[in-house]
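With chain A held as given, fit chain B onto it using these hints.
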Amino acid sequence: MSSLHWAVFAPFLLAIFVPTFYKRFRSIHTGWLILGLPILLFVYFLQFISITKGGNTFTASATWIPSLEIGIDFYVDGLGLLFALLITGIGSLVILYSIYYLSKEKEKLNQFYVYLLLFMGAMLGVVLSDNLIVLYMFWEFTSLSSFLLIGYWNDRDRSRYGAQKSLLITVLGGLGMFGGFIILSFMGGTFSIRELVAQSDTLINHPLFIPALLLVLLGAFTKSAQFPFHIWLPGAMEAPTPVSAYLHSATMVKAGIYLVARLSPVFAESGVWLWVVSVVGLVTLFWGSFTAVKQTDLKSLLAYSTVSQLGLIMSLLGLGAAALHYEDLDDNIYMAATVAAIFHLINHATFKGSLFMAAGIVDHETGTRDIRKLGGLMPFMPITFTITVIGGFSMAGLPPFNGFLSKEMFFTGMIHTLQLDIFNMETWGLLFPVVAWVASVFTFIYSMILVFKTFTGKAQLEKLEKKPHEAPIGMLISPVILVSLVIIFGFFPNLLSSTLIEPAVASIQPTLTSHDFHVHISFWHGWTTELWMTIGVVILGTLLTLTLTKWIPIYKVFPEKYTLNKVYDGILSLLDQWTNQLNKKVITGSIRSYLIYIFSFFFLILVYALFIKDAFHIDLTNLAPIGIYELVLVLAMVIGAISIIFAKSRLTSIIILGAVGYTVSLFFVLFRAPDLALTQLVIETISVALFLLCFYHLPKLASRSEERITFRLNNALVSIGVGIVVTLVALSAHSQKLFNPISDYYLENAYKEAGGKNVVNVILVDFRGMDTMFEIAVLGIAALGIFAMIRLRLTRRNKES
Amino acid sequence: MEILMAFVIGILFTCATYLMLSKSILRIIIGTGLLSHGAHLLLLTMGGLKKGAVPLLTEEAASYVDPLPQALILTAIVISFGVTAFLLVLAYRAYQELGTDDMERLKGNDVNE
Chain A
1 MSSLHWAVFA
11 PFLLAIFVPT
21 FYKRFRSIHT
31 GWLILGLPIL
41 LFVYFLQFIS
51 ITKGGNTFTA
61 SATWIPSLEI
71 GIDFYVDGLG
81 LLFALLITGI
91 GSLVILYSIY
101 YLSKEKEKLN
111 QFYVYLLLFM
121 GAMLGVVLSD
131 NLIVLYMFWE
141 FTSLSSFLLI
151 GYWNDRDRSR
161 YGAQKSLLIT
171 VLGGLGMFGG
181 FIILSFMGGT
191 FSIRELVAQS
201 DTLINHPLFI
211 PALLLVLLGA
221 FTKSAQFPFH
231 IWLPGAMEAP
241 TPVSAYLHSA
251 TMVKAGIYLV
261 ARLSPVFAES
271 GVWLWVVSVV
281 GLVTLFWGSF
291 TAVKQTDLKS
301 LLAYSTVSQL
311 GLIMSLLGLG
321 AAALHYEDLD
331 DNIYMAATVA
341 AIFHLINHAT
351 FKGSLFMAAG
361 IVDHETGTRD
371 IRKLGGLMPF
381 MPITFTITVI
391 GGFSMAGLPP
401 FNGFLSKEMF
411 FTGMIHTLQL
421 DIFNMETWGL
431 LFPVVAWVAS
441 VFTFIYSMIL
451 VFKTFTGKAQ
461 LEKLEKKPHE
471 APIGMLISPV
481 ILVSLVIIFG
491 FFPNLLSSTL
501 IEPAVASIQP
511 TLTSHDFHVH
521 ISFWHGWTTE
531 LWMTIGVVIL
541 GTLLTLTLTK
551 WIPIYKVFPE
561 KYTLNKVYDG
571 ILSLLDQWTN
581 QLNKKVITGS
591 IRSYLIYIFS
601 FFFLILVYAL
611 FIKDAFHIDL
621 TNLAPIGIYE
631 LVLVLAMVIG
641 AISIIFAKSR
651 LTSIIILGAV
661 GYTVSLFFVL
671 FRAPDLALTQ
681 LVIETISVAL
691 FLLCFYHLPK
701 LASRSEERIT
711 FRLNNALVSI
721 GVGIVVTLVA
731 LSAHSQKLFN
741 PISDYYLENA
751 YKEAGGKNVV
761 NVILVDFRGM
771 DTMFEIAVLG
781 IAALGIFAMI
791 RLRLTRRNKE
801 S
Chain B
1001 MEILMAFVIG
1011 ILFTCATYLM
1021 LSKSILRIII
1031 GTGLLSHGAH
1041 LLLLTMGGLK
1051 KGAVPLLTEE
1061 AASYVDPLPQ
1071 ALILTAIVIS
1081 FGVTAFLLVL
1091 AYRAYQELGT
1101 DDMERLKGND
1111 VNE
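Taken in sequence, the protein lines are chains A and B. With the working numbering, letter number 790 in the first sequence gets 790, and the count goes up by one each step, no holes. Every position in the second sequence, counted from 1, becomes a number in the working numbering once 1000 is added.
Computed footprint of chain A on chain B, listed as stretches where at least three residues anywhere in the stretch have a Cβ under 8 Å from a Cβ of chain A:
1. 1013-1020
2. 1033-1040
3. 1059-1066
4. 1071-1085
5. 1097-1105
Worth flagging that the hints you see were computed from the coordinates, not collected in a lab. Just so you know, even glycine gets a beta-carbon here, dropped at the ideal spot from N, CA and C.
Looking at chain A on its own, in the form it has when it is part of the complex (with noise of 0.2 Å):
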């Protein structure tokens, strides 16, 4: 255990103590309580800059399960600590914003700091741990903590609704990761992502590379919400405003992103990767931001817009992977894509953490957070107007907030990938870029919505809950702080540029840290195509606001039906209706169907069986003589067996059925079996006196009709077909004999070891006397059973009472 273990463990021990905090200082907003600790944490974080800046990593490990090779190992690299980083600092923020934002009279606040601290401890492990299995358990941890905080509200049908669907395709994701990472551990034989990377070179030539490729993107995908797993953020909003700024705009969807980033050294090397993960990617930027523009709600807006960001991150990071293919080159433009990308991921993690959280206090204070109720805002609430504009320039990409720096940059990406020249890039490659420039046309359009339709225009008093009033100023310290940054990081990139960009870059691209990168990041002046390309984009985006009205009706082309919403829940109905369709027609809860079930498997699988494996032999010598009583003998019991089926009065068919047991007697009399006749033929009678005294002595009841068996085929096809191979089954044992039985051990012993000479008797009581004791407990238990089924009247008892 070093600091860095107690580090990521901290929120989870504090998470202990939280109710008790809870109950003993109800005077005081809980979340006051939990606030330091992130903050520390933050604190804690800083002072690993001066580590990774020079390209050291700091590691810690702890052992777990050593026998499977599990340890809780951590590391502190550039990426791991940019997103510890982002996790504390964000998490800092949130708390402070949702100690003002939910009150402390009307809400559970011990479980909501409980699930946010989880979720924050979880968060943590996922970015820091180099076990695979380490890394999977915090995972899933957080989508058990985001689960809990979508459903906070869990009186809400839809809080439900939504916390299952995210629940369902985060685990799915998760589900899928994990298959690929115990392929992943299989090839190279090891579970840490560090000695993977190492060996990136002989995985890409193991058959499994390409599941495990796949296997691990489903993961990152679903908790990216990457499309079409994206359905489940939307429905996530239904959480309170803090989460979703914090999990569902800042930090767990980004936890995808980050996965993407920790294997690209693993498998970028493969044109698979670098076409699923940016071709995704850019679907994604494109359909979140077109979908985003028809929202009527902030935070659904909000939501589409992470999809469509976190899609323009992923798509940089799958055109980063390209750099690896040109290691020889002096100045390797394609690494500028990778930079984007992280450089963009620290811009909308702070913008659209601003972003969410001044939606929160428009609802708070005005009490909807429709945009079509709402307008006219900015004289009642100029500070959250101006965080808001900020932060939507910002994601529009408009200078000088830092989101313009981040576009320009991914359009650079986007322009080089004209330049490529692998993978069919030269073909499709022209795409990358026209689709870009579209989605960031939407991205205007759905930025000034989001700025303008909510606060200019008229307000519509007489629409809202509330009058509207700013919002108290601890609710907007947190915003303010992330829209400082945005203008900090707009006007001074650099300052983050050695620190943490460059730390970042390089580990997920390790075998290129010899470049000179950071170049690209300070050099943002001039007139390029990048530039026009940005007006463009705010030329044709203003022209498309403008007229908004007169085209939205397009989005009435695609009708609602056919929305990845309504395919998701029409799976999950049609799995019901499958399984209870299903359920239906096998669990009928006729035994006699269940019997048919179990007989035909035994038939088929000892047909197949014995088919497969060649096993049917027959072997004719070595057979005992057929005499006329055993020709007689087998003509009754045949006879008898058969005439049992077609008895009418079930009188008959008792009295047949003890034919048949004397039959059986007298075969132990001429297969030389004079203790089994004895006890055969005892046994019989006694069964069949039971027989009759159960049946015969019975009442007449009304429904009892003396008739014959109704013939069925299936049951007579079952049945012949179990007396076929239990026949085969006999033939074929009996033809092959693999050795010769033990029991001449028996006949030379019994007399000198056991001073008996009835063999048979010293078998049962001295060889093998243990038998003999549980067959005496059975019959024991069954008589005790048949006393109680007798005696034991419990419902008459209480009818009588």
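Coordinates of chain B only, in the frame set by chain A:
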């Protein structure tokens, strides 16, 4: 003889299965009775038939039949008797309490119907 016995056992199993697939409890229990006869005869047959004297050492024969399957069958007979007796009383009680011996009508009421 063994081959003949294999066929007889097959027929016993066929009849037993057919009875067990019927609706009346009585027939099902008769089916289990036939099935255990079949199984006992199968055990005996597989041990080999008629290859010597009764396994009583007073006989002083050159060879005896295999005593082990006989011991096994004896155990099996007693156990199947215990189970049959229990089943019979169970059926009798079910008959008394529920008023039917039709398996289709004995389906639980809580099953999806």
